[in-house]
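A.B. asks: Chains as they are written, first to last, in this note's numbering: chain A, 110 to 195; chain B, 8 to 661.
In case anyone wonders, no lab produced these hints; they're calculated from the structure.
A hint or two may mislead.
As the list claims (entries may be wrong) - Pairs of lysine to aspartate or glutamate, EDC-like flavour, derived with a Cα cap of 16 angstroms:
no., chain 1, residue 1, chain 2, residue 2
1, A, 144, A, 132
2, A, 144, B, 193
3, A, 144, B, 458
4, A, 117, A, 132
What the hints assert, rightly or not - Far from chain A by the CB rule (all over 10 angstroms, computed), these chain B residues:
no., residue
5, 57
6, 74
7, 83
8, 121
9, 149
10, 195
11, 200
12, 324
13, 331
14, 332
15, 441
16, 460
17, 462
18, 528
19, 635
Glycine included, each C-beta is placed from N, C-alpha and C at the ideal position.
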Amino acid sequence: MVDGTPIKIPLSQLGRGQRAVVECAALDALPADHKCLLAAMGLGESCQLRVCRPGSPCIIQVDATRLGLPRSLAEQILVTPLDDVA
Amino acid sequence: MRRPPRIALLGNPNTGKSTLYNRLCGLRTRTANFPGSTTEHQVGACALNAETDAEIIDLPGVYSLMLEIPESRLCRDCLEGRIADRRPDVALLVLDATNLIRNLQFAASALHREMPTVIAINMADVARRRGLSLDERAASRELGVPVIAISARTGEGIDRLREALALAAATEGPRHQPLRPLPRSEVGSREAVRWAADVFAEIASHGRGDADDTATLHDRLDEAFTHPIMGLFVFAATMAAMFGAIYWLAQYPMDAVDSLFAWIGTGVEAVMGPGALRELLVSGVIGGLAATLVFLPQIALLFFLLALLEDSGYLARAAFAVDRVMRRVGLPGQAFMPLLSAHACALPAIMSTRLIPNPRDRLATILVCPFMSCSARVPVYALLTSLLFVNAPLLAGLAFAGCYLLGALAAFVTAKMLRTTALRGPSTPMVLELPEYRLPSVRTALAVAWERALLFLRNAGTVILSIAIVMWWLSAYPKSEADPASDALRERAAVIASSAPDEAASLESEAARLDERKQQAGSFAGQLGSALEPIFAPMGLDRQLTVAVLTSFLAREVFTTTVFVLVGAGAEANGEDTSTLETVRTARRDDGTPLFTVPASAALLVFYVLAMQCLPTVVLVARETGSWRWALAQLSFMSILAYIAAFATYRMLA
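Bound-form chain A, shown alone:
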């Protein structure tokens, strides 16, 4: 956190085991159909996630759902880290 403002970084920059919250409007840069699909799969705004495997594919766990994303997509999703690399 810098000056009270949460740090927003692309999901692709998180390390293994790191947790984060998906930013509001973080998915807005994505095409509408991708955004709707990701939200329906569980990756919506304000949801918490854990990185199981960084890189490509980027594997994340949201609630009880484990999702695999290509790096290109992970680079477009902004998140706020919750803790350091586990």
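Got chain A; can you put chain B on it based on the hints?
C.D. replies: The following block gives chain B in isolation, referenced to the frame of chain A:
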């Protein structure tokens, strides 16, 4: 008479929906097309109680009913009665007990449709093991519809589910009275998530059924299976084991199918007098069916093993492992399984492209699938490589492997070409849910194999049988007079029958060969061969080989049978019989030159690697793409490419 109630089975992917469908319907299932559409779905019959049989429609697993993707559209259309002849009477929602927050949101969006609904919370046993117990009454109260906790895998709760379905089917109109208002916004919205969390808190006794956050074993397996190098290695090993098992295990039932049809053919010949009807039955119907159904064990095994792999959770990881490689040629990772399956048979491979969500990716995969060397090409490769490399099994083996590589190379180059021209456009990034690893269900895999086998049998009984009969007729008519030379041989055989029976039998056999050859030349197919010989002459083929290529247009494997018949080796011969191969190798053309020269054999080999030569595939491509345009374009492209490549090969070696 009252129609059986129709139940639509709905749910997220990986909720065990198919397992529940198979549990409810058993083998009473079939694949059907919705009237007026090319979209397939499963329809099964399920006894709800002693009096009521219901029809269950297994709809594709979707994350939301509102997405603009074909699967979601299909579910909407079915629920609203836009396809099929009527709306379903009951919606059966399948939710995953171990992932309820997301699944409850889907249930809310389905409940908005205000139709009689029953909710099955599946995998209740798994949730229980994780310390989560569900209160069915509280869930029914919260959601306003019957909720039954079940385990489709063990059968827990299935009887109560049948009772609830029977009751819902007998009820007129919706009776939804959810305790709290359903969220108005879509699945994944904050409102929907909050609503689901509130409902979850009321119906679950403790915990949220979350997967273990540490999940280290899960993470390690994912790391290995999706790793750029290790992932590919594991995938290659898995596929090698799977295809090895298919070839090894299928040979026994394939032999049995072969023997069964030979026995039926002999039986028919024994009870029927000679004539056109017997010939039609033995050579057209029984022979045609045998040539097709011999591949049934491979197809059933392929789908059985694929279903086991998919159920285990591995396949989703494998798609990521190969995605990097496939992207370079413009195809998604999901295309790899159909392309690999096409090595057994292009028909199920093309059907399995439905897993590919992006329409351009899917079309490109369908169009290149037939380049992969299917099992029907194997007899042709075996014959031609052994003719090319006499007494050099190592070189023949390398040439055999080279055929597979050439096919795969042609597929990848064509895919790249298609994705940069006619099918240009962005690919959808591959986002996949990675289901939990679990012991696969043999019961579900058997049901999948059964259903795919039935579908193949239906095709074999209609399209393929019709083709076999037409081909038999073209090669059997018009009837030719017996060859004068064969009459002379038979007369001589009759004279020496008692003194030298072996020689007499050999003469009889030679006489039959001459007659068969004359019949082949004089038949409609033979006449076509003579007329079209000038077209195939540039790649080194004479009239006989032209006939062999033409008869194999509808099914490649017919080439070897035709060649054996034409040169007199007998249709029952196989590529491993040295004497048979010797007969083929020394066969002559009408002008006395060898039939199989090295340049002609090599040209034929290249031709068979690249040519389409499979009418059932053309028909299936037209059905799957919804248009004959793509099917005919594919047929033309592959035929022209095969011809040019074969011509170039012949010219280089001649």
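A.B. asks: Against each hint, give a clear statement of whether it holds in the structure.
C.D. replies: Results for each hint:
1. For the hint pairing residue 144/A with residue 132/A, the CA-to-CA distance comes to about 13 angstroms; that is within 16 angstroms, so the pair holds.
2. With a C-alpha separation of about 12 angstroms, the suggested pair residue 144/A and residue 193/B falls inside the 16 angstroms cut-off, and the hint holds.
3. The straight-line distance between the Cα atoms of residue 144/A and residue 458/B is roughly 35 angstroms, outside the 16 angstroms bound, and the hint therefore fails.
4. A distance of roughly 8 angstroms separates the Cα atoms of residue 117/A and residue 132/A; the hinted pair therefore holds under the 16 angstroms criterion.
5. For residue 57/B, the non-interface assignment is confirmed: its Cβ lies about 39 angstroms from the closest Cβ of chain A, beyond the 10 angstroms cut-off.
6. The Cβ of residue 74/B does not lie farther than 10 angstroms from every Cβ of chain A; its closest approach is about 6 angstroms, which violates its non-interface assignment.
7. Distance check on residue 83/B: its Cβ is at least 14 angstroms (rounded) from any Cβ of chain A, clearing the 10 angstroms threshold; non-interface status holds.
8. A cut-off of 10 angstroms between C-beta atoms confirms that residue 121/B is not in contact with chain A; the least separation is 21 angstroms.
9. In this structure residue 149/B is separated from chain A by more than 10 angstroms, as the shortest Cβ-Cβ distance comes to about 19 angstroms.
10. With a least beta-carbon separation of about 3 angstroms from chain A, residue 195/B fails to lie farther than 10 angstroms from that chain, contradicting its non-interface assignment.
11. Residue 200/B, annotated as away from the interface, has a beta carbon of chain A within 10 angstroms; the closest lies near 7 angstroms.
12. Under the 10 angstroms C-beta cut-off, the non-interface status given to residue 324/B relative to chain A is violated; the minimum distance is some 8 angstroms.
13. With a least beta-carbon separation of about 7 angstroms from chain A, residue 331/B fails to lie farther than 10 angstroms from that chain, contradicting its non-interface assignment.
14. Separation of residue 332/B from chain A is adequate, the least Cβ-Cβ distance of about 13 angstroms exceeding the 10 angstroms criterion.
15. At roughly 4 angstroms from the closest C-beta of chain A, the C-beta of residue 441/B falls inside 10 angstroms, breaking its exclusion from the interface.
16. Non-interface call for residue 460/B relative to chain A: holds, since the shortest CB-CB distance, roughly 32 angstroms, exceeds 10 angstroms.
17. The claim that residue 462/B lies off the interface holds: its Cβ sits roughly 29 angstroms from the closest Cβ of chain A, which is beyond the 10 angstroms cut-off.
18. For residue 528/B, the condition that its CB be more than 10 angstroms from all CB atoms of chain A holds, with the nearest at approximately 59 angstroms.
19. Non-interface call for residue 635/B relative to chain A: holds, since the shortest CB-CB distance, roughly 29 angstroms, exceeds 10 angstroms.
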